[in-house]
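With chain A's structure known, arrange chain B on it following the hints.
Just so you know, the protein sequences line up as chains A and B, in that order. Quick note: the first sequence uses the numbering used here, first residue 1, plus one each step. Quick note: the second sequence uses the numbering used here, first residue 1, plus one each step.
No lab work stands behind these hints, which were simulated from the structure alone. It should be emphasised that the depicted structure is a prediction, and the values quoted were computed from it without experimental measurement. Wrong hints could be hidden among the right ones.
Stated by the list, open to error - Here are the simulated DSBU-like cross-link-like pairs (lysine-lysine), alpha carbons at most 30 Å apart as the crow flies:
| no. | chain 1 | residue 1 | chain 2 | residue 2 |
| --- | --- | --- | --- | --- |
| 1 | B | LYS48 | B | LYS6 |
| 2 | B | LYS48 | A | LYS110 |
| 3 | A | LYS110 | B | LYS42 |
| 4 | A | LYS110 | B | LYS93 |
| 5 | A | LYS110 | A | LYS14 |
| 6 | B | LYS93 | B | LYS48 |
| 7 | B | LYS48 | A | LYS14 |
So you can see what is in the structure, the chains are spelled out below.
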Amino acid sequence: MSIRRPPEPVQLVKQRRDGVLRALVEGVPYIQFLGIQFERRGDELTGVLPFSDNLIGNPILPALHGGATAAFLEVTAIMTLSWGLIWEDMESGALDVSNLDQVHLPRLPKTIDFTVDYLRSGLPRDAYARARINRSGRRYASVHVEGWQDNRAKLFAQATGHFLMPQRD
Amino acid sequence: MSDRLKQARQFIQALPHSVALGMDVVDLKDGTAVVSMPYSEKLIGDPKTRVVHGGAVSALMDTTSGAAVMSHPSNPSGTATMDLRIEYLRAAKPGQTITTRATCYHVTRSVAFVRATASDEDSENPVATATGTFTVEGKR
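Chain A on its own, in the form it takes in the complex:
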């Protein structure tokens, strides 16, 4: 009978995953500029865009700028794709998580096209987004993103896009 290895302590697992996610997000200046954060449940990511006056596009309503909404959804799509790429290497130990500067992180996917469907005006409140990877091949990926504010069922915007995946060396 073989001796089973004891499971990895949960705190260690969380520390590793949160550390990699933080390095990935904090490495991108534009994500920091918009103030986007990511919440993680296992491998599921939720983008959070805390409201700020800087995000307003229509001061009279007021409403979020369509560009801020588009950027938020695109950032969520790219991070979700990238997170999916990193996951296996992170869990297997192939990715050196002790030294997480940009040099060791894999390259980010590149957007080929991105289509945003604006369903209702963005309120001056926090916004949330989750991406679903519909297809992820060796070269291309197709991703759908949903954005909502107060009600999960009432999307204020959704988007779909194609991405060029980074080539592994």
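Chain B only, in chain A's frame:
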């Protein structure tokens, strides 16, 4: 500076997000808008290549397209983006200003149709193209 350009500048100055991204109106007339966005560290989307994030280009496309709708001779009193599709043709050169030209080529009672092109300092080779549909609020 002409009164027309002054008014156009005021239009962008009233949009906090566009100001935060450093956008400036170059021209605005009869359904065509030209808006520029200088390169800045905070716009970087890929730390390895220092290329501007696609989202910043989206914001520029959206602002310029909306401005084009507002400047259409049919005089809409307001507009909001319904749909915006962007194609990223190539990476913009780090350090260079991105300029977008948008044309509102058709307006109905309730919808405006726009096409836009963004270039860096090599204006012969666009970095991105966009097509958008916008709502049209009561004409003045």
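Results of checking the hints against the structure:
Using a Cα cut-off of 30 Å, the hinted pair B:LYS48 and B:LYS6 is violated, with the two alpha carbons roughly 39 Å apart. As the CA atoms of B:LYS48 and A:LYS110 are separated by approximately 12 Å, the hinted pair is consistent with the 30 Å bound. Under the criterion of a C-alpha separation no larger than 30 Å, the hint pairing A:LYS110 with B:LYS42 is consistent with the structure, at around 18 Å. The suggested pairing of A:LYS110 with B:LYS93 holds, with an alpha-carbon distance near 15 Å, which does not exceed 30 Å.
A C-alpha spacing of about 28 Å is found between A:LYS110 and A:LYS14, which places the hinted pair at or below 30 Å, so the restraint holds. Between the alpha carbons of B:LYS93 and B:LYS48 the distance comes to roughly 13 Å, so the proposed pair stays at or under 30 Å and holds. Between B:LYS48 and A:LYS14 the CA atoms are separated by roughly 27 Å; this keeps the pair inside 30 Å, and the hint holds.
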